[in-house]
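A.B. asks: The task is simple: from the sequences and hints, build the whole structure.
Below, each chain spelled out in residue letters.
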Amino acid sequence: MKTGAKLLIEGLQREGVETIFGYPGGVVLPIYDELYDSPLRHILVRHEQAAAHAADGYARASGRVGVCLATSGPGACNLVTGIATAYMDSIPIVAITGQVPTSLLGNDAFQESDITGITMPVTKHNYLVKKAYDIPRILQEAFYIAGTGRPGPVLIDIPKDVSTGTVETDPPRVETVSLRGYQPTYKGHQRQIDRAVELLTLAERPLIYAGGGVILSNASEELVRFAEQMMIPITTTLMGLGAVPGDHPLNLGMLGMHGTEYANYAVTECDLLIAVGVRFDDRVTGKLDTFAPHAKIIHIDIDPAEIGKNKKVDVPIVGDVRNILGELIQKLQKTGHYQTWHEKIKGWKKKHPLRYKDDGKLRPQYIIQQLSALLEEDDIIVSEVGQNQMWTAQYYCFRKPRTWITSGGLGTMGYGLPASMGVHYARPDKTVFDIAGDGSIQMNIQELGTIAQYKIPVKIAILNNQYLGMVRQWQELFYDRRYSFTELPAVDFVKIAQAYGIDGIRVESRDEVQSALKTAINTPGPFMLDFRIEREENVYPIVPPGAANNEMIGGNNS
Amino acid sequence: MKPHTLSILVENRAGVLSRVTGLFSRRGFNIESLAVGTCEEPGMSRITIVCIGDDAQIEQVMKQLNKLIDIIKVSDLTDNERVERELAMIKVNADSGTSRSEIMQIAQIFRAQIIDMGTKTLVLQITGNTEKIDALETLLRQYGVKELVRTGKIGMLRGSKTVKSGK
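Each protein sequence line maps, in turn, to chains B and Z.
Start counting the first sequence at 1; every next residue gets the next number (the numbering used here).
Start counting the second sequence at 559; every next residue gets the next number (the numbering used here).
Wrong hints could be hidden among the right ones.
Said to hold, decoys possible - From the structure, some residues in chain Z lie toward chain B, with a derived Cβ separation under 8 Å:
no., residue
1, LYS621
2, GLN622
3, ILE630
4, SER633
Just so you know, the hints here were simulated from the structure itself, not pulled from any lab data.
Built from N, CA and C at the ideal position, the CB exists for glycine as well.
C.D. replies: Below you can see the structure in the form of structure tokens.
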């Protein structure tokens, strides 16, 4: 005889889970009791949102499914932001929540919330389990759904009487999950691939626009090979950073709102856009009518609903990015090198490089560049959201996939610190840096408690400008410098870290940057760096909202 | 922009209807009518939804619906040879002798049935396409329609073609 809780823990182990992030509470007591002597490692966070972000960070860094666990009601509700974050970036996590006993469901019982109803719009799928017998099957399905096709979060809600309920014999387990309503397409349509080859042969100014889908399908190698074979320049989205080495000669860096000028010019002038694992997000396209206005578009994505959603495309190819790139590589003959096109891009690169005022003051871009030079290529950078994220995206040279962990779609402030904990458990041998702002770090700063308790060796670099910097920047540029509720009083972050038993340094001048970063890297365990940066430094270039991508402003503040 | 009739085969599970309607509302698609019930396949239900949109919007609706795990098959019947029916019940004022006999004549012409007769009202049941029901309602309005309820449209392809499982 086995309880539902036991079946759950066994099921998690069978799925290969080693680490879960969670927070106990009333109705998950039976599950926590099973965890007590199970070999699963459970990390006790300080807020359930952090459990979801940690599971998400784990998934992004490892490519495997991350798992978080919370109690009913407030516990489950606190997961929602984390689940939505994972949903927007297609990250595979399984969130397990406790629920009030089935007899009380729908009665507004203590700590009851309709979490399957609440998370319906932000999960790939979710389940309310009705009997213990169903737990193994549902768990198996959940991992399958989360990790295949276009990945995403799946939530399993388990009422207390289901986790205490028992089965006489183990329910049978299927070898492979098969769901009649879920059959992702992996192989590209031959005719469309042939049409893509045709367009590729005719193009004179082709450009690859690559995104998070390349990372998710582990297709970086194929992407680089494809680009090199054809000598096609590549621009990546925020989510695609690391898919191509940042210093690769064909790489134009990021495009879009805070993209490089040359990437945005290239998109505007290209005659063929090969969109790979992307979704034409508004932060990338700017004004849609003027995005790649002269280009035929090939769109490769595993999710058919993304094709034609925002922008009409000429050749849709639904399937796994890696498979399709592999096929394209095989079918393409090495062709012309687009000499004129490369010359043009070279000119833009020379004339409009990424730049900032290098005047000896402590500027964030400099810090990121120094960090980029100090870390190894497979060390991992996590970011919060806002200016800190954009400076990192612009100035850190990502050389490998899954070394850049950031909340792109939802733009969740407070993501970085908890996510970096998950990243550590996925890649315990790598240095993990959380690049933060003083605003976003304070959204989940309680996780210093978790980091201290488990001695998670995360290095925290706060780019502290005592503002909600990105919002302040918009107020400066678009709201007549009316800084409405964006100024934050100074906080002594080092003292906060010390209160948790974590060491730290405050850095106030440019000369101290290198040695401070080295100290953080070389000190075993967690470390906090509080960089007091130029307060009104902006992220440039910026495409104003609703403008065309080639109408960037502030690109010339050198 | 025109009405499209979508026939959706779904797993007969708790919450599936709210997954479908939730998707319509959060993506800003309007539902004109909705009908749902069990169907020929055990464990499945069929939902018929009429919604208005241009081709790109309808394509997007269908693709998003297809992503729901509990949805087995989505078909747009609109550009196919099909039969569509809707049923309505109309409670109409009929207290004087003349209006009562006029209403019964109208019912006969429309092949509507009188399924309830009270001292002051009649209840008519009519089956047909949307236009036919609209026409009857318009005619009856002069007598005073007290209540009207429609099932929402259901539809099926003509001939041997069916909307079956297998995405």
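A.B. asks: With a cut-off of 8 Å on the beta carbons, see whether ILE630 of chain Z makes it to chain B.
C.D. replies: holds (5 Å)
A.B. asks: Are SER633 of chain Z and chain B close enough, Cβ to Cβ, to be under 8 Å, as the hint says?
C.D. replies: With Cβ-Cβ at 14 Å, over 8 Å, it is violated.
A.B. asks: How about GLN622 of chain Z: closest beta carbon in chain B under 8 Å, or not?
C.D. replies: GLN622 of chain Z check passes; min Cβ-Cβ to chain B is 5 Å, inside 8 Å.
A.B. asks: Hold the hint about LYS621 of chain Z up to the distance rule: shortest CB distance to chain B must be less than 8 Å.
C.D. replies: Because about 4 Å separates LYS621 of chain Z from the closest Cβ in chain B, which is inside the 8 Å limit, the hint holds.
The earlier numbered hint that this structure contradicts is number 4, and it is the only one.
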